[in-house]
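For the sequence shown, the working numbering gives the first residue as 1155, with consecutive numbering after it.
Calculated directly from the structure, the hints in this document are not laboratory data. Note that the coordinates shown come from a computational prediction; the quantities given were computed from them, not determined experimentally. There could be a bad hint or two in this list.
Unchecked claim - Estimated spans, in silico, between C-beta atoms of each pair:
#1 ASP1739 with ASP1355: 15 to 21 angstroms
#2 GLY1258 with LYS1444: 55 to 61 angstroms
#3 PRO1598 with SER1562: 21 to 27 angstroms
#4 ASN1441 with LYS1727: 55 to 61 angstroms
#5 LYS1459 with ARG1192: 23 to 29 angstroms
#6 PRO1595 with GLU1497: 32 to 38 angstroms
#7 ASP1739 with GLU1566: 46 to 52 angstroms
#8 MET1738 with GLU1380: 21 to 27 angstroms
#9 GLU1497 with ASN1321: 55 to 61 angstroms
#10 ASP1739 with GLY1706: 16 to 22 angstroms
#11 ALA1246 with THR1396: 32 to 38 angstroms
As the list claims (entries may be wrong) - Simulated pairs of lysine to aspartate or glutamate, EDC-like, Cα-Cα distance not exceeding 16 angstroms:
#12 LYS1175 with ASP1618
#13 LYS1194 with ASP1708
#14 LYS1600 with GLU1578
#15 LYS1568 with ASP1534
#16 LYS1570 with ASP1683
Note that beta-carbon positions come from the ideal geometry of N, C-alpha and C, so glycine has one too.
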Amino acid sequence: MTRRVYLIFFIPLLFGCAEKKNAFEDKTVKQIADLQDRRKTDSLLIFLKSDNAEYRRRAALAFASIQDSTAITDLWKVADVEAVFSLGQMYAFGSFYPLEEKIGKGNTPATRREAWEAMGKIIDQKNVDALYDSTNPEGLAWGIYRAGLRGVTDPILINKAGLVLSNKNSPRNDRLAAAHFFARAKMIIEGAVVSAASDSDVEIRMAAVSALSKTRNITAIRKAAEDSDYRVRVSAVRALRTHSWSAAKSLFEKLLNDENPNVSIAVAETVAALDSADYETLSKWANDAKNWRASGTLFQAAAKKNKDVLNMIGFSNNLSRRKPYELAAVINAMSQDPSRQDEIFEMFKSAKAKVVKSTSAAALARMTSDLEIFKQIIADGDQGAIIPICNAITDTTRGFKKVIKDYSFLEEAKSKLSLPRDYETYTPLEEALNYLKGLPPPAPLKNEYNHPIDWSLALTIPKDQQVLIKTSKGEIVMQLFIEEAPGSVVNFVQLVSKGYFNGKFFHRVVPNFVIQTGCNRGDGFGSEDYSIRSEFSGRKYKTGSVGMASAGKDTEGTQWFITHSPTPHLDGKYTIFAEVVSGMDVVHKIEVGDKIIEARLIKDGE
1155 MTRRVYLIFF IPLLFGCAEK KNAFEDKTVK QIADLQDRRK TDSLLIFLKS
1205 DNAEYRRRAA LAFASIQDST AITDLWKVAD VEAVFSLGQM YAFGSFYPLE
1255 EKIGKGNTPA TRREAWEAMG KIIDQKNVDA LYDSTNPEGL AWGIYRAGLR
1305 GVTDPILINK AGLVLSNKNS PRNDRLAAAH FFARAKMIIE GAVVSAASDS
1355 DVEIRMAAVS ALSKTRNITA IRKAAEDSDY RVRVSAVRAL RTHSWSAAKS
1405 LFEKLLNDEN PNVSIAVAET VAALDSADYE TLSKWANDAK NWRASGTLFQ
1455 AAAKKNKDVL NMIGFSNNLS RRKPYELAAV INAMSQDPSR QDEIFEMFKS
1505 AKAKVVKSTS AAALARMTSD LEIFKQIIAD GDQGAIIPIC NAITDTTRGF
1555 KKVIKDYSFL EEAKSKLSLP RDYETYTPLE EALNYLKGLP PPAPLKNEYN
1605 HPIDWSLALT IPKDQQVLIK TSKGEIVMQL FIEEAPGSVV NFVQLVSKGY
1655 FNGKFFHRVV PNFVIQTGCN RGDGFGSEDY SIRSEFSGRK YKTGSVGMAS
1705 AGKDTEGTQW FITHSPTPHL DGKYTIFAEV VSGMDVVHKI EVGDKIIEAR
1755 LIKDGE
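Work out the full structure: start from the sequences and follow the hints.
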């Protein structure tokens, strides 16, 4: 009898302590998320009136992704921070008066902070004074930053941002916003920026150093070039672009030999864009560069000024021995020499690696107007190769409209495309056809809903689920945000579970920005026969955020990226579905051409 009583009490206790895997075990929470995924505005509006705070907040946040401006009036009535965020996500002036009210002092500090930032997303130059606030509440700096991203600013806002950045007692995140504002603004407060370029906070420091490009203070840039964090050194490289070649040349050369390849690559990319750089220096540096990508970029820049450079240095020798991404860099350099046209076309036709194929096509699109070559590239059917050829055809300076009378070759190529897989190729093809037919540009292509969330799988994913990404440079561990981005996480888990990412290349690495992978072609133009929805939350892009790459809203699929540092211009525009919890040192080492050896879910107890 005693034993039976013990079991009666123990069993409910056991089940009562069982922890939910995630919030979607609540059927209403799951329903709201599914309505968001299906973009069902009318059904979601009902939940904005719910007495359950969790349901109300989730429904309000859903409109940050749906971005249906017909919901503005209903969101206005909701006091929650999530509603304020969604009002800003409308990017419509209709949100102005609701947000103006939310900024009022009767609201909570969190609501006011969010309202200031949201106001920056929708305000226009005529109403810029709405951001004039003498009390400088928390969040105003982010409002100034968001407005500045859109070119909306004035001397008063610039001065306010300078005061925030200069005041070491300002909240850290406000100072970060001010630093990023000056990194992108046309005008700066030089004293504040120079001081912040030596800030103890590395993320404020790197943004402030970027803003030094608007000053003549090369001394501050030289100091930044000695920084222990490579990201600050990358910012220093880019800040040098506005200084005279004679003043910057020696520092560029020093940084070209930096131990971190990201710095070398940043030097090559920056110098290649300078008209003042002489081809003798460029070719010498290209020969001396230790990093193949830096070398290729410099050779291309040198050859642009003097195509004979390629012959003198024998850069294009031994092409068959080069790896695909390195060969692509060689092709870009070769494209500066018109006599290499046939050689590049042969490489296009024989290429097995997609990155070589699309790079060859892009090179030919730049260097020739040979219609027969263009037709053969289009007929080949490679999606990544079709895009640059269509862009060349629609270039009004090249006269193709007078030359091409029979555009059936484009019609045939279009008929072979499949949506949503070929979304990026379909649009330029349509544009080329309309241009040749004398029609207006086509309306933006709407990506129809085609991939519902697998909720049975979603319910099995713990809210703290982690993923191991084993790369050729080491291991990265990421934590998934199933409760914030269920569609993205479920899609990612499905791909991981079938080994989709194993063997995929990191095809894109932008120094102190992102590393990107997941492309089935390896050149950034690849996707599968479906797309998933964008899922925007109030979460910000910081160092180690993991986001979904896209070609526009609701076009995400298999490609994803990890940020090297805070990238606030991506906030609310690209889904954040995970973050790195260990292995950021590996993220910083990844280069184009590195591979994912294995991606797998981490099991309990590991």
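State, for the Cβ atoms of PRO1595 and GLU1497, whether the hinted interval 32 to 38 angstroms holds or is violated.
-> With Cβ atoms ~35 angstroms apart, the hint holds.
Evaluate the given range 16 to 22 angstroms for the C-beta pair formed by ASP1739 and GLY1706.
-> 33 angstroms, violated
Given the range 21 to 27 angstroms, decide if the beta-carbon distance of PRO1598 to SER1562 lies inside it.
-> 25 angstroms, holds
Range hint 46 to 52 angstroms: satisfied by the CB atoms of ASP1739 and GLU1566?
-> Holds: the Cβ-Cβ distance is about 50 angstroms, inside 46 to 52 angstroms.
Taking 16 angstroms as the top limit, are the C-alpha atoms of LYS1600 and GLU1578 close enough?
-> Status holds; Cα separation ~12 angstroms.
CB of LYS1459 to CB of ARG1192, is that within 23 to 29 angstroms?
-> 55 angstroms, violated
Between LYS1570 and ASP1683, is the straight-line Cα distance small enough, at 16 angstroms or below?
-> It holds: about 13 angstroms lies between the C-alpha atoms, which stays within 16 angstroms.
Lying within 55 to 61 angstroms: is that true of the beta-carbon distance GLY1258 to LYS1444?
-> Holds, since GLY1258 and LYS1444 (Cβ atoms, about 58 angstroms apart) stay within the stated range.
Determine whether the Cβ-Cβ distance between MET1738 and GLU1380 falls within the hinted range of 21 to 27 angstroms.
-> The hint (21 to 27 angstroms, Cβ to Cβ) holds, given that MET1738 and GLU1380 are roughly 22 angstroms apart.
Under the criterion that the straight-line Cα-Cα distance not exceed 16 angstroms, is the pair LYS1194, ASP1708 satisfied?
-> The hint holds at about 15 angstroms.
Go ahead and decide if the range 32 to 38 angstroms is satisfied by the Cβ distance of ALA1246 to THR1396.
-> Cβ of ALA1246 to Cβ of THR1396: about 36 angstroms, so the range 32 to 38 angstroms holds.
Look at the Cβ atoms of GLU1497 and ASN1321 and judge whether their distance stays inside 55 to 61 angstroms.
-> 60 angstroms, holds
In this structure, the earlier hints numbered 4, 5, 10 are contradicted, and the remaining ones agree with it.
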